[in-house]
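So the sequence lines, in the order shown, correspond to chains A and B.
Under our numbering, read the first sequence as residues 7 to 260, first letter to last.
Under our numbering, read the second sequence as residues 281 to 496, first letter to last.
Rather than coming from a laboratory, the hints here were simulated on the basis of the structure.
Note that the structure is a prediction, hence the values are computed from the model and not measured.
Incorrect hints may appear among the rest.
Claimed, not checked - To give an idea of the chain B side of the interface with chain A (calculated C-beta under 7 angstroms), a few residues:
| # | residue |
| --- | --- |
| 1 | Gly-395 |
| 2 | Glu-398 |
| 3 | Ala-399 |
| 4 | Ser-402 |
| 5 | Leu-403 |
| 6 | Ala-404 |
| 7 | Met-405 |
| 8 | Glu-409 |
| 9 | His-413 |
| 10 | Val-414 |
| 11 | Pro-417 |
| 12 | Gln-418 |
Using N, Cα and C, we set each Cβ at its ideal position, and we do this for glycine too.
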Amino acid sequence: MSPVNTSATVRPLVKLSAIRKSFGPVEVLKGVDMAVEEGQVVAMIGRSGSGKSTLLRSINGLERIDGGVIEVDGECVDPGQIDLRALRQKVGMVFQQFNLFPHLTAGENVMLALKVVKKQDKAATRAAAESALAKVGLGHKFDAYPSQLSGGQQQRVAIARSLAMAPKVLLCDEITSALDPELVAEVLGVVRKLAEEGMTLILVTHEMRFAREVCDRLVFMHGGRIAEQGPPAKLFDRPSTPELAQFIGMVEAR
Amino acid sequence: MLNFTLWDILSNLLLAARWTVLLSLIAFVSGGVAGLLLLVARVSPVPPLRIAAKLFIEVFQGTPLLMQLFIVFFALPLIGIETSAWTSAAVALTLFTAAYLAEIWRGCVEAVPKGQWEASASLAMTFPEQMRHVILPQALRIAVPPTVGFSVQVVKGTAVTSIIGFVEVTKAGTMITNATFQPFLVYGLVGLIYFALCYPLSLSAKALERKLNVAR
Ligand SMILES: Nc1ncnc2c1ncn2[C@@H]1O[C@H](COP(=O)(O)OP(=O)(O)OP(=O)(O)O)[C@@H](O)[C@H]1O
Ligand SMILES: [Mg+2]
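Looking at chain A on its own, in the form it has when it is part of the complex:
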């Protein structure tokens, strides 16, 4: 494993220590350690089934871990933790399938948790939702229902919905994989802008070119472990494990 260039003075925003997770008899995460500093953009890559989604989903408690500790901005979560509300207020998540609430308009989708969870008043909620939608270029779609939006627009609303909660870190699990090819760019454009603005991002992605251009660090997962991580250019050009070399060969052949 190559050494990671993390400065000793900065306390990481996200710190995963010895994360373990099994589904029944199958151990999917076999002790993963990972640290992400504020403002970093990290992409996780790896073969299907290597545990990328499971790791990402454990960061906001969607998967209950069997061992280890998750720390996000001072919020500590271990396997026994029941109350995940504080953690989840600091961690946003965007899904492959958008998961917008179909019975609510774009604006209402963004406002719901602000009202219910953050208990903001009506005016503040509305203002925050408008600015979040404007940020993803959908200020004019406030009153549209998800079914009236394209996939790319729906995914951007989903991003706005997460951003409005002012998370410390945003998790994205293959957020362009369900999109028609011509709609991928608009969503990646939004993510790129977030990265430039200093948002801390952890992405699972198959968009290798995007990962190479935008990410500070690449994490290659293999068999429930981090097999290799480092700057994208290094990993792509000089992979140090045969698994990564093979993975890159496979991806580039596509």
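Position chain B with the ligands relative to chain A; hints supplied.
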């Protein structure tokens, strides 16, 4: 022997049918409220609640309504709770309705995609908040037709309360038959009254279902 005109018979049956309607309404409304609580317990993340609700539902779905009625009417007084025919009928039908509605609605909740739970959980919403703002509004849409459809079962279910002496339309029919010796006419009318109550309900359940399918 007295002579009964058709109108005498029909008017008495219709008077008794008021109780059929009232009992159905009470059972449906209170059963709906109880069913909603039962549903929330049934899908909640708290295992003891889930198990208790499941047990309740299975007991009430796995025994005849008549048995449930007997237990409320005959068994409760044995442990010191006096029950009239009227309250027994209302209580038994309410519990029966609650169990079935909870199970129907659970199916509707489970039809809501898992991603809706995950997205709302990721926004730091608690289980009650998820239910209230995300899951139930979506489940409700698909729940309407089967719920209206089940109301037919409630109306027909009220007939068994005649056994414990509650005078609804079936019991009235029996009493009138005993006086008139015209079972075919009397029970025919009773049947017509049930049909007049139930048929509009099944029709509207079908219409709602069609409307919902179009709306998709
Ligand atoms: N809820 C679950 N129950 C049982 N097994 C699961 C569950 N979720 C994931 N798994 C298994 O865990 C392993 C890792 O899954 P995971 O979704 O984390 O992989 P991934 O790296 O995200 O793959 P992909 O690129 O296909 O999304 C797989 O073998 C998968 O079948
Ligand atoms: Mg995955």
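Hint by hint, here is what the structure shows:
Hint on B:Gly-395 holds. Least Cβ distance to chain A is approximately 4 angstroms, under the 7 angstroms limit. With its C-beta approaching chain A no nearer than about 6 angstroms, B:Glu-398 sits inside the 7 angstroms limit, and its interface hint holds. With its C-beta approaching chain A no nearer than about 4 angstroms, B:Ala-399 sits inside the 7 angstroms limit, and its interface hint holds. Among the interface hints, the one on B:Ser-402 holds; its C-beta lies about 4 angstroms from the nearest C-beta in chain A, closer than the 7 angstroms criterion.
Hint on B:Leu-403 holds. Least Cβ distance to chain A is approximately 4 angstroms, under the 7 angstroms limit. Interface hint status for B:Ala-404: upheld, as the beta-carbon distance to the closest one in chain A is roughly 4 angstroms, under 7 angstroms. Taking 7 angstroms as the C-beta contact cut-off toward chain A, the hint placing B:Met-405 at the interface holds, the least distance being around 6 angstroms. Satisfaction of the interface hint for B:Glu-409 is found here, the shortest Cβ-Cβ separation to chain A being roughly 5 angstroms, below the 7 angstroms cut-off.
Interface hint status for B:His-413: upheld, as the beta-carbon distance to the closest one in chain A is roughly 6 angstroms, under 7 angstroms. Interface restraint check: B:Val-414 against chain A, minimum CB-CB distance 6 angstroms, threshold 7 angstroms, status holds. Satisfaction of the interface hint for B:Pro-417 is found here, the shortest Cβ-Cβ separation to chain A being roughly 5 angstroms, below the 7 angstroms cut-off. Hint status for B:Gln-418 relative to chain A: holds, with the closest Cβ pair at about 6 angstroms, below 7 angstroms.
Checked against the numbered hints above, the structure breaks none of them.
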